[in-house]
Amino acid sequence: DAMVIQNPRYQVTQFGKPVTLSCSQTLNHNVMYWYQQKSSQAPKLLFHYYDKDFNNEADTPDNFQSRRPNTSFCFLDIRSPGLGDAAMYLCATSRATLAFIQYFGAGTRLSVL
Amino acid sequence: SQQGEEDPQALSIQEGENATMNCSYKTSINNLQWYRQNSGRGLVHLILIRSNEREKHSGRLRVTLDTSKKSSSLLITASRAADTASYFCATDGETSGSRLTFGEGTQLTVNP
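Going line by line, the protein sequences match chains V and S.
Sequential numbering of the first sequence, starting at 1054, is according to my numbering.
Sequential numbering of the second sequence, starting at 179, is according to my numbering.
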């Protein structure tokens, strides 16, 4: 009965080869977030969708893109992964009426070879 | 930039002892939340305290908030080995909208 599901849990890609990570939710939350987390660090917000409105963080590289085709699904596209993009990627959801408490998926661990 | 700072960065205690973690932030907030993250997993929400609250309890957790000092503490009483995890505070403020700003986290190790 997982509420925020990320696939795959582990992803291995090659340097420069595009990769897509996916996130789905059964909570019907209107906000979805993507975070990058490197070892022993805080999660770093890449961008988020508030309903259909896309909100990019100022320091998110252009290499990272996102799509939200409907309420339930959100994708993170890394167009040309570099070695520095190896990290845990976390998807989260929230809604304004719940004080934006965030519900996280288990994450996708991305390795870049 | 990250608003929250936590200390200590790492804490190691024995089972049964209490664990206290502190969080400081820089700007006015609406709410402060604490999350837990087990190794290699996503974060799990533990507790939320509003800016007009000073203390909140949930089971073995006690959170305090001092808005004059822009700081919060998380106390875990009677710790268990299963409490071993990283703990993050997160704040949302008047200008952050739907964003949370996470602290750097405290790695708690509870030894059996």
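Among these hints, one or two may not hold up.
Said to hold, decoys possible - Output of the computed footprint for chain S on chain V, the stretches with three or more beta carbons under 8 Å from beta carbons of chain S: (1) 1080-1094; (2) 1098-1106; (3) 1142-1151; (4) 1155-1162.
Unchecked claim - Which residues of chain V face chain S? A few of them, derived with a C-beta cut under 10 Å, are: (5) 1057; (6) 1059; (7) 1115.
What the hints assert, rightly or not - Straight-line C-alpha distance at most 30 Å; calculated DSS-like pairs for lysine-lysine: (8) V:1091 - V:1070; (9) V:1105 - S:247; (10) S:234 - S:248; (11) S:234 - S:247; (12) V:1070 - V:1105; (13) S:248 - V:1070; (14) S:204 - S:248; (15) V:1091 - V:1105; (16) S:247 - S:204; (17) S:248 - V:1105; (18) V:1097 - V:1070; (19) S:204 - V:1070; (20) V:1097 - S:204; (21) S:234 - V:1097; (22) S:234 - S:204.
Everything labelled a hint here was simulated from the structure, so no lab data went into it.
In this text, all values refer to a predicted model and were calculated from it rather than measured experimentally.
C-beta: ideal position from N, C-alpha, C; glycine also.
Hints and how they fare:
1. 1080-1094: holds (count 3)
2. 1098-1106: Holds, because 3 residues of the stretch 1098-1106 of chain V bring their Cβ atoms closer than 8 Å to Cβ atoms of chain S.
3. 1142-1151: holds (count 4)
4. 1155-1162: holds (count 7)
5. 1057: holds, 7 Å
6. 1059: Given a least distance of 8 Å, the restraint on residue 1059 (chain V) holds.
7. 1115: Violated - the Cβ of residue 1115 (chain V) stays beyond 10 Å from chain S, reaching only about 20 Å at its closest.
8. V:1091 - V:1070: The given pair, whose Cα atoms are some 20 Å apart, holds under the 30 Å limit.
9. V:1105 - S:247: Violated, because 37 Å separates the two Cα atoms, which is more than 30 Å.
10. S:234 - S:248: Satisfied, since the Cα-Cα distance of roughly 16 Å is no more than 30 Å.
11. S:234 - S:247: holds, 17 Å
12. V:1070 - V:1105: With a Cα-Cα distance of about 28 Å, the restraint between residue 1070 (chain V) and residue 1105 (chain V) holds, given a limit of 30 Å.
13. S:248 - V:1070: violated, 44 Å
14. S:204 - S:248: holds, 7 Å
15. V:1091 - V:1105: holds, 28 Å
16. S:247 - S:204: holds, 9 Å
17. S:248 - V:1105: violated, 34 Å
18. V:1097 - V:1070: Holds: residue 1097 (chain V) and residue 1070 (chain V) sit about 23 Å apart, inside 30 Å.
19. S:204 - V:1070: At roughly 40 Å apart (the allowed maximum being 30 Å), residue 1070 (chain V) and residue 204 (chain S) break the hint.
20. V:1097 - S:204: It holds: about 18 Å lies between the C-alpha atoms, which stays within 30 Å.
21. S:234 - V:1097: holds, 27 Å
22. S:234 - S:204: holds, 21 Å
Comparing the model with each numbered hint stated earlier shows that hints 7, 9, 13, 17, 19 do not hold.
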